[in-house]
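Protein sequences appear in the order of chains A and B. In terms of my numbering, the first sequence opens at residue 1 and continues consecutively. In terms of my numbering, the second sequence opens at residue 1 and continues consecutively.
Hints are computed from structural coordinates only; laboratory data are not their basis. Check before you lean on any hint, since a few could be wrong.
Each computed DSS-like pair below joins lysine-lysine, with the alpha-carbon atoms no more than 27 angstroms apart [claimed, not checked]:
no., chain 1, residue 1, chain 2, residue 2
1, B, LYS2, B, LYS67
2, B, LYS56, B, LYS2
3, B, LYS56, A, LYS57
4, B, LYS2, A, LYS71
5, A, LYS18, B, LYS42
6, B, LYS56, A, LYS65
7, A, LYS17, A, LYS65
8, A, LYS17, A, LYS57
9, B, LYS56, B, LYS42
10, B, LYS56, B, LYS67
11, A, LYS17, A, LYS69
12, A, LYS65, B, LYS67
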Amino acid sequence: EAQVTQNPRYLITVTGKKLTVTCSQNMNHEYMSWYRQDPGLGLRQIYYSMNVEVTDKGDVPEGYKVSRKEKRNFPLILESPSPNQTSLYFCASSFDRGNSPLHFGNGTRLTVT
Amino acid sequence: QKEVEQNSGPLSVPEGAIASLNCTYSDRVSQSFFWYRQYSGKSPELIMSIYSNGDKEDGRFTAQLNKASQYVSLLIRDSQPSDSATYLCAVAIQGAQKLVFGQGTRLTINP
Chain A
1 EAQVTQNPRY LITVTGKKLT VTCSQNMNHE YMSWYRQDPG LGLRQIYYSM NVEVTDKGDV
61 PEGYKVSRKE KRNFPLILES PSPNQTSLYF CASSFDRGNS PLHFGNGTRL TVT
Chain B
1 QKEVEQNSGP LSVPEGAIAS LNCTYSDRVS QSFFWYRQYS GKSPELIMSI YSNGDKEDGR
61 FTAQLNKASQ YVSLLIRDSQ PSDSATYLCA VAIQGAQKLV FGQGTRLTIN P
């Protein structure tokens with residue numbers, strides 16, 4: 001089954017404790033992206049990747065890191081999480097950058113206390 | 001001006017009626033447009049994509065695109081309570097490596 005898999009689905013952590021949210025897709029998509037979704041602010045892009053070893057900032061990259069060492073994986077790293085990073089996070093992938101529909105993972109609800 | 005704008009709603013429609021959702025965008029050269037449905041706490045799910053002016057129908061859903069007016073809409077015929085969700089309009093911005101999403105319209109279908 002074609003899918004984007006994120007883990008974990010729920011995560012509660014404390015300020016400053018490094019965490020990684022994993023994302024994997026099995027559709028051989030070149031383009032992958034991370035979004036956060038907050039009430040009243042909609043979906044905002046954090047980082048995206050056009051291909052292996054090619055990543056770039058989205059609209060709200062501060063406090064986040066990503067890597068793309070393999071085509072299928074695109075982890076999101078929070079080196080020192082803060083409460084303002086409490087949000088619902090989605091990983092997504094598509095065949096190409098922007099002109100193809102995005103396929104979303106199931107989301108990760110992160111709470112930073 | 002926001003790149004993609006939607007009326008946040010809530011939009012309330014009786015069961016069996018037509019629900020009409022609207023979206024405007026600012027980038028004149030955008031070529032790709034998408035409608036997603038999102039249930040509360042769930043991920044966005046693609047309903048329709050449209051690339052050319054005019055109407056595109058898929059079951060109870062019809063997407064309408066008017067590039068001259070920079071306007072895209074989604075019609076849902078014979079609305080069902082299960083259609084109650086937030087509907088997101090997404091536009092591929094020319095030269096940008098991303099889809100830009102509107103804030104979504106919350107739709108409620110009343111039995």
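field: List of violated hint numbers, smallest to largest
entry: Structure breaks hints 3, 4, 6 and 12.
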